[in-house]
Amino acid sequence: MYDIIIIGSGPAGLTAGIYASRANMKTLMITSAFSPSLITTTDLVENYPGFPEGITGLELIELFTRQAKRFGLETVEKDVTSLSRLTGTKSTGWEITAGDDTYRASAVIIATGTEYAHLDVPGETEYTGKGVSYCATCDGPFYRGSDVVVVGGGDTAVQEALFLTRFARTVTIVHRRDRLRATAILQERAFANEKIRFEWNAVADEIIGDTVVRGIVIRDANDPEKKKTIDAEGVFVFTGNIPNTAFLGGIVEFDDAGYIRADEWMQTSAEGIFACGDCTKKLLRQVVTACGDGATAAFAAEQYINELKGTSYGSWTTPRG
Amino acid sequence: MAEETFIDNPDTALVVTDSTIDEAITKYPFIVVDCWAEWCGPCKMLGPIIENLAKKKQGEIVFAKLDVETNPQTTSKYGIRSIPNLLVFKDGSKVGDVVGAMPEDKLLERINTFK
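For the record, the sequence lines run as chains S and P. By my numbering, the letter at position 245 of the first sequence is numbered 245, and the numbering carries on one by one without gaps. By my numbering, the letter at position 115 of the second sequence is numbered 115, and the numbering carries on one by one without gaps.
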């Protein structure tokens, strides 16, 4: 029986791992089903304090992992399929099924993050790996001298469009609104980059090609009859995210989009289950906020476990009803 | 006769290159080639899973890895545009590919559909 099991190995999970391990909680991290963390596909993280020149997402995760393991965090690569409450009279906690194995813990920290949303247009599935991509850092180098399209207008879309200009001849950003959502500095860079073009108020309609992608058909967001084709060898999709929370259906409360509702202790609606990072309902999904959540979740889980064991230090009281 | 590059029942992922991949796919009746690159985060996550499967499936499925950066011929021959990309070869011909990182059991399930 573990004190704490952390599911997920991105910034939130690894920070929870650092805090739980340093608190001498017997902690296991189950990594695989929700790895790689999306941050590992980000070419440059330049808003995480401590790295004035920026750092790649992959390097950052490697550093987090090294730091967590230094304090003894145990990890296992398994795919979590379900969680159930321990029904025995002796112990309070949760049983986690992952592959053919089961693991038990007094408290569970969910840090499963999100995955990229798909466009759900004809051609997208067919051409995945043949020109449709969700990872600019993985696939950008295959598009030297090519024309590519980025769909989306948020931070990820604009950051990755800028990255793609290192390889591509042109990068066309297709965005459904008339302005970008991305943070100001990224917008400035994108507008100043002569390789980047924009298609405003444009919605992806279909991805076309032969054996590989040859272009994308877009339609006017205000006039669906108005369509046009942009020739492109690559279509990179960064239109949003979907939380990796489906396996928790019926166990913890979600918002309408499937993000986990957690209070200021990162406690979910299920006793003993905490949640942190991008998979939770929150205002800002960034590495730095994920880390903050992860630390809080681990600390709250520790207090919860100490109360269960009757070894609580002083007057800590959790806000649970 | 040229010296054989590859052993009979490897329990680790073999390293193949533009010049040795043909020998590998001819020698082994069922081989999965993991096309990867240093710059690709998900590829690095997939690496240990491939090694693990190579050990578990020794004698049944052979696994190999190819660095796309230093092996442009193979990359272009198979039209690789996304990595990680697993090329699956049966009896010397390509029968399918698996694109993207995924958990071990899902990966094996996908590979097995090409058997």
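Don't take each hint at face value.
For lysine to aspartate or glutamate, the following EDC-like pairs were computed, each having C-alpha atoms within a straight-line distance of at most 20 Å [to be verified]:
#1 K115(P) <-> D91(P)
#2 K44(P) <-> D101(S)
#3 K44(P) <-> D100(S)
#4 K57(P) <-> E124(S)
#5 K44(P) <-> E62(S)
#6 K106(P) <-> D210(S)
#7 K56(P) <-> E59(S)
#8 K106(P) <-> D205(S)
#9 K106(P) <-> D101(S)
#10 K77(P) <-> D210(S)
#11 K57(P) <-> E206(S)
#12 K94(P) <-> D100(S)
#13 K56(P) <-> D79(S)
#14 K106(P) <-> E77(S)
#15 K44(P) <-> E77(S)
#16 K57(P) <-> D205(S)
#17 K44(P) <-> D79(S)
#18 K56(P) <-> D8(P)
#19 K56(P) <-> D100(S)
#20 K106(P) <-> D79(S)
#21 K56(P) <-> D101(S)
#22 K228(S) <-> D205(S)
#23 K55(P) <-> D100(S)
#24 K115(P) <-> D105(P)
#25 K55(P) <-> E77(S)
Residues of chain P clear of chain S, computed beta-carbon distances all greater than 12 Å [what the hints assert, rightly or not]:
#26 F6
#27 D97
#28 N112
Output of the computed footprint for chain S on chain P, the stretches with three or more beta carbons under 8 Å from beta carbons of chain S [as the list claims (entries may be wrong)]:
#29 44-50
#30 53-66
#31 78-87
#32 100-106
Hints were generated in silico from the structure; no laboratory data involved. Note that the coordinates shown come from a computational prediction; the quantities given were computed from them, not determined experimentally. The C-beta atom is built at its ideal place from N, Cα and C for all residues, glycine as well.
Hint by hint, here is what the structure shows:
| no. | hint | in the structure |
| --- | --- | --- |
| 1 | K115(P) <-> D91(P) | holds (10 Å) |
| 2 | K44(P) <-> D101(S) | violated (25 Å) |
| 3 | K44(P) <-> D100(S) | violated (25 Å) |
| 4 | K57(P) <-> E124(S) | violated (33 Å) |
| 5 | K44(P) <-> E62(S) | holds (11 Å) |
| 6 | K106(P) <-> D210(S) | violated (28 Å) |
| 7 | K56(P) <-> E59(S) | violated (29 Å) |
| 8 | K106(P) <-> D205(S) | violated (30 Å) |
| 9 | K106(P) <-> D101(S) | holds (16 Å) |
| 10 | K77(P) <-> D210(S) | holds (16 Å) |
| 11 | K57(P) <-> E206(S) | violated (40 Å) |
| 12 | K94(P) <-> D100(S) | violated (32 Å) |
| 13 | K56(P) <-> D79(S) | holds (17 Å) |
| 14 | K106(P) <-> E77(S) | holds (13 Å) |
| 15 | K44(P) <-> E77(S) | holds (14 Å) |
| 16 | K57(P) <-> D205(S) | violated (43 Å) |
| 17 | K44(P) <-> D79(S) | holds (18 Å) |
| 18 | K56(P) <-> D8(P) | holds (16 Å) |
| 19 | K56(P) <-> D100(S) | holds (15 Å) |
| 20 | K106(P) <-> D79(S) | holds (9 Å) |
| 21 | K56(P) <-> D101(S) | holds (17 Å) |
| 22 | K228(S) <-> D205(S) | holds (9 Å) |
| 23 | K55(P) <-> D100(S) | holds (18 Å) |
| 24 | K115(P) <-> D105(P) | holds (16 Å) |
| 25 | K55(P) <-> E77(S) | holds (16 Å) |
| 26 | F6 | holds (27 Å) |
| 27 | D97 | violated (7 Å) |
| 28 | N112 | holds (16 Å) |
| 29 | 44-50 | holds (count 4) |
| 30 | 53-66 | violated (count 0) |
| 31 | 78-87 | holds (count 7) |
| 32 | 100-106 | holds (count 6) |
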